[in-house]
Each structure stands twice: as structure tokens, then as C-alpha cells.
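Engineer: In case you want the letters, here they are:
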Amino acid sequence: MTTEHDLIQMKQKGALTDDEFLKALTQLQIKERKSSFWSDPEKARKKILFSIALLGIFSVLAGLGLIIAANWASIPAILKVGGGLSCLATSLVITSFFKNNSKPLWMEAFLFISFLLIGGNIALIQQSYHLSLSWQEGSLAWWILSLPLVFFTKYRLIPLCSVALLGFSIWDIIWNMNYMLVAGLMFVLMMLTHFFKGSFAKLLRDITFIAAIFCLYAGDIIANSGAGMVGVITTTLFLIFALNTPKTEDGTVKYYNYIFLLVAWRIFLLFWNAYYNLTNIGILLIVFGIILLAGAGLYTYYFKQIQDFIRGFIKHE
Amino acid sequence: MNKIKTLFLFIPFIGMCCWAMYYAYIVKNVPEVVLPITGYDPRNLLSGHYIEFHIDWSKANCYQNNWNGVCPKNDFSGINRFYIPENSAVELEHIINNSRFNTEIAFAYKAGTRPIAKELLINGRPWSKI
Chain A
35 MTTEHDLIQM KQKGALTDDE FLKALTQLQI KERKSSFWSD PEKARKKILF SIALLGIFSV
95 LAGLGLIIAA NWASIPAILK VGGGLSCLAT SLVITSFFKN NSKPLWMEAF LFISFLLIGG
155 NIALIQQSYH LSLSWQEGSL AWWILSLPLV FFTKYRLIPL CSVALLGFSI WDIIWNMNYM
215 LVAGLMFVLM MLTHFFKGSF AKLLRDITFI AAIFCLYAGD IIANSGAGMV GVITTTLFLI
275 FALNTPKTED GTVKYYNYIF LLVAWRIFLL FWNAYYNLTN IGILLIVFGI ILLAGAGLYT
335 YYFKQIQDFI RGFIKHE
Chain G
443 MNKIKTLFLF IPFIGMCCWA MYYAYIVKNV PEVVLPITGY DPRNLLSGHY IEFHIDWSKA
503 NCYQNNWNGV CPKNDFSGIN RFYIPENSAV ELEHIINNSR FNTEIAFAYK AGTRPIAKEL
563 LINGRPWSKI
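Chains as they are written, first to last, in our numbering: chain A, 35 to 351; chain G, 443 to 572.
These are computed hints drawn from the structure, not numbers from a lab. Any given hint could be a false lead.
Stretches of chain A that chain G covers, calculated by requiring three or more beta carbons in the stretch to come under 8 Å of a beta carbon on chain G [what the hints assert, rightly or not]:
1) 125–137
2) 145–155
Computed list of lysine to any residue pairs in SDA-like fashion (alpha-carbon distance at most 20 Å, straight line) [said to hold, decoys possible]:
3) G:K501 to G:T480
4) G:K447 to A:F132
5) A:K188 to G:I453
6) G:K470 to A:I109
7) G:K571 to A:A107
8) A:K114 to G:Y467
9) A:K114 to G:I446
10) G:K515 to A:L167
11) G:K447 to A:S125
12) A:K137 to G:V472
13) A:K114 to G:S500
14) A:K188 to G:K501
15) G:K501 to G:I521
16) A:K114 to G:F450
17) G:K445 to A:S130
18) A:K188 to G:F452
19) G:K470 to A:S125
20) G:K445 to A:G117
21) A:K133 to G:K501
By construction, the Cβ of each residue, glycine as well, lies at the ideal position given by its N, Cα and C atoms.
In isolation and in its complexed conformation, chain A is listed as follows (with noise of 0.2 Å):
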């Protein structure tokens, strides 16, 4: 039988090419896992055990599932919710098991897995105890329970989700207010967090970017008019621009100061849309003009004072 040794030998005398060597190596690597599960008795008898006592456990619980579905209706309120609440506490312990452990990627899983199980046991109190709650009091109530989640994980998926459930429950508010408004609060707030540092401004100000363009998107659609089309076609240009500006040095996109013309420009189509007639666009525009003329004339007039002006100011500095 061809070995390893065999074969390198044979690509150094040149009877073999780089790509048949790697070829015969995987074959051979292939064959020795196949012969040696058989070739050590005792290996095989303990992983065909594991096989079968694996299969044992998961028809037990497909059992077991099977029963509790069948029963669900006689089964107690307090017993079907200390079931769901015990597998969501088993979650969160072997999330924070993980997270003292540092194995990342496992807590990220277990986390999402807690997240998800507390849309469902709310789902749960829900049915067991025939409350009426709407979907957006639902979607309100998992966004605050699952909060404390959101400062454990470094990815951006629980954070979205989460942004997606505080979109879904506050669109009544939109739908009530002016989204506009709301819009607005979020971009201030996304402001404000540019005066910290660390991540949890870092994605603070994602989730709030992410909630000012849902929330203008949202409105716009709602709207339903030629206004908010507008406004669905300008918010998505910014954002195009936006996501292409290059990154800083901490790796955040600089996508903040094209949030300024966002919103000077979502505050032009406000009064645009108020105060729209043929008088105000020609005020408007005779003002306009009044001004670019006048800013041609002074830097005309002074463009010697100016130019002096900012050649000291830069000298100076």
C-alpha cells in the first residue's frame, strides 16, 4: 500500500505534479480515517454508541414534545409558562457559562437563542393567560425585555432585531405624530453621541441612525403621497452617498455629515409642503437670489481683503 513518505518521494523525483500529489495525499488522508474507525475496534464500539444513545435522546425529547403538543390545552397556565421561562433561564446561564469562559461565537449563539426564546415565552404568557395584547404592545415589551441583551453581544445582529421591534412597536406613534418629529429626536440623539467614546456610543449611534432612516422611510410610505415619494427618493440618494464616504480611522462611517443636509433638506420639503404656492416659491426665490448676488458682489469687491484675510488667518495658524 501507497504511503505519505511514498508519495513525497515520488513528487520529488518528478513523477508527480503539485496538483495529482495533493490529489493522491487527500485520497490516501481519506482511506487511513475509513481503515483506522475500523482497524481500532474499541474507537468504533464507542462512537456507534454515541450514535445510537444520540438518537435515543433526540427521539425521548420528540417524544415528550409530541405529548406536551397533544395535551397542551389541559396542561396548567403556570406549568406551560415555568417550562418556557426554565429553557430561557437555561439559555441566559449557559450564555453567561460561555461568556466567563471567553468563547465568544458560543455566547453570540446562546444570546441569540435567549433573544429568541424571549419573543416566545411572551407569546406564551400571552396564550396561558388570554391576555389581548396587540402585536406593536408585543413587539414593545420584547424590545424592553430583550434591552440587557443588546450590552452583552458584539454583533450587530440582536441590535438590529431589536431596532426592527422598537420600529414595528412605536409605528402607531408614527402613524399618530409626525414622523418627521420622531425622525428628528433620533438624528439629535445620534448626535449626542458623538461627546462619547466606546462602543456602546459606537452602536448607540447605528441604532439610532438605523431608527431616524426607518422612521423617515416608514412615514414616507405611510404618507402615501407625492411629498413622501420624494422623500423616499432623496433619503435613499443620501444614503447611498452616505454609505460610500470612507471610513474613519476607528472604522465608523462618517455618515453623519451628510445627515445634516438629510435633514436641512427634510426640513425644506416640511415648510415646502406647508406653505407650497406661487407667491412663496417667488419670494423665496427672489430672496435666494438676493442673496447669491450679494455674496458675488462682496467677494467681487473685496476679493483682495478676503484672500488677504485668510492667507494671515492660515499663517497664523
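Mind docking chain G on chain A? Use the hints.
Structural biologist: This is chain G only, laid out in the frame that chain A set:
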């Protein structure tokens, strides 16, 4: 510090336990009132089938639970769901819409608390025992 942070992770669990225990306490300890209903069977994608009912105040007994003839209609506004197993949904819908059957819901209710639906009664008996 690390332990405190880890405890922070269990806030959702503690919050949900308090929430569930509050309802369990209300259902067990608060007096029961029975009110007639009319309804139909829609579905919640997450929680399953439920009867969306409306309390028929014209047939309600407003002298139970020391109400003195004045039914607390405002306290019951927005309470309109009773969850049922999927396989009983169609049958129950027919029963509720049939005037031969007297359909009622037993609530755990005390003035100042939000009522909680406890049991669906058909001709005075729990629906599961019919």
C-alpha cells in the same frame, strides 16, 4: 463587577417571572365574574387561535361582585381574546355563533385591576368539558 454584569444578563428572566407570577396571583386570588359574549375565531401567527369576543352588556348581570347594577364597561374595554387549541377552533366558532348555546367568559376581576379571561363557559360548563 463581573458577577454584577452577569446578573444584568438575567434581568429579562426576572422581569418575565414577575410578569407571569403577577397574572398567576390575579387568576388565583381575585374574585370571578361571568359575562356573556359574542365572537368569532381569528388567528395570531405567534400565539395560535383565539376567539375574539365582544361582551354582550345587554345580557350581563350587573349585580354580581357588588356592582350594584352598574357594569364597569370601561374596565373591560380592550379585553377581547380567549385562546383555544387549533383543532377545537371551528367547532367552538359554530357554538358561539349559535343562539341555542349560552356562551360566557369567566374573568378574574377586581375594581382597579385589568380583568383576565379565565375560562370559556358554554351553557355554564367549561368548554373543554362539553
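Engineer: Hinted pair, alpha-carbon criterion (20 Å max): K137 of chain A, V472 of chain G. Please report holds or violated.
Structural biologist: 47 Å, violated
Engineer: Does the structure keep K114 of chain A and S500 of chain G at a Cα separation of 20 Å or less?
Structural biologist: Judged against 20 Å, a Cα distance of about 36 Å means the pair is violated.
Engineer: CA of K470 of chain G to CA of I109 of chain A, is that 20 Å or under?
Structural biologist: Roughly 16 Å separates the two Cα atoms, so the pair holds.
Engineer: Please work out if K114 of chain A and I446 of chain G have their alpha carbons no farther apart than 20 Å.
Structural biologist: 30 Å, violated
Engineer: For the pair we were handed, K188 of chain A and K501 of chain G, check the Cα-Cα distance against 20 Å.
Structural biologist: 58 Å, violated
Engineer: Verify the proposed pairing of K133 of chain A with K501 of chain G, using a straight-line Cα cut of 20 Å.
Structural biologist: 59 Å, violated
Engineer: Given the hint that K447 of chain G pairs with S125 of chain A, does the C-alpha gap stay at or below 20 Å?
Structural biologist: Judged against 20 Å, a Cα distance of about 16 Å means the pair holds.
Engineer: Is it true that the CA of K188 of chain A sits at most 20 Å from the CA of I453 of chain G?
Structural biologist: 19 Å, holds
Engineer: Is the hinted pair K447 of chain G and F132 of chain A satisfied, with a Cα-Cα distance of at most 20 Å?
Structural biologist: 14 Å, holds
Engineer: Counting residues of the stretch 125–137 of chain A that have a beta-carbon nearer than 8 Å to any beta-carbon of chain G, does the count reach 3?
Structural biologist: holds (count 5)
Engineer: Starting from K501 of chain G, check that the Cα of I521 of chain G is at most 20 Å away, please.
Structural biologist: OK: K501 of chain G and I521 of chain G at ~17 Å, within 20 Å.
Engineer: Could you grab the alpha-carbon distance between K571 of chain G and A107 of chain A and see if it respects the 20 Å cut-off?
Structural biologist: 12 Å, holds
Figure legend: structure checked against the earlier numbered hints; hints not met, in rising order: 9, 12, 13, 14, 16, 19, 20, 21.
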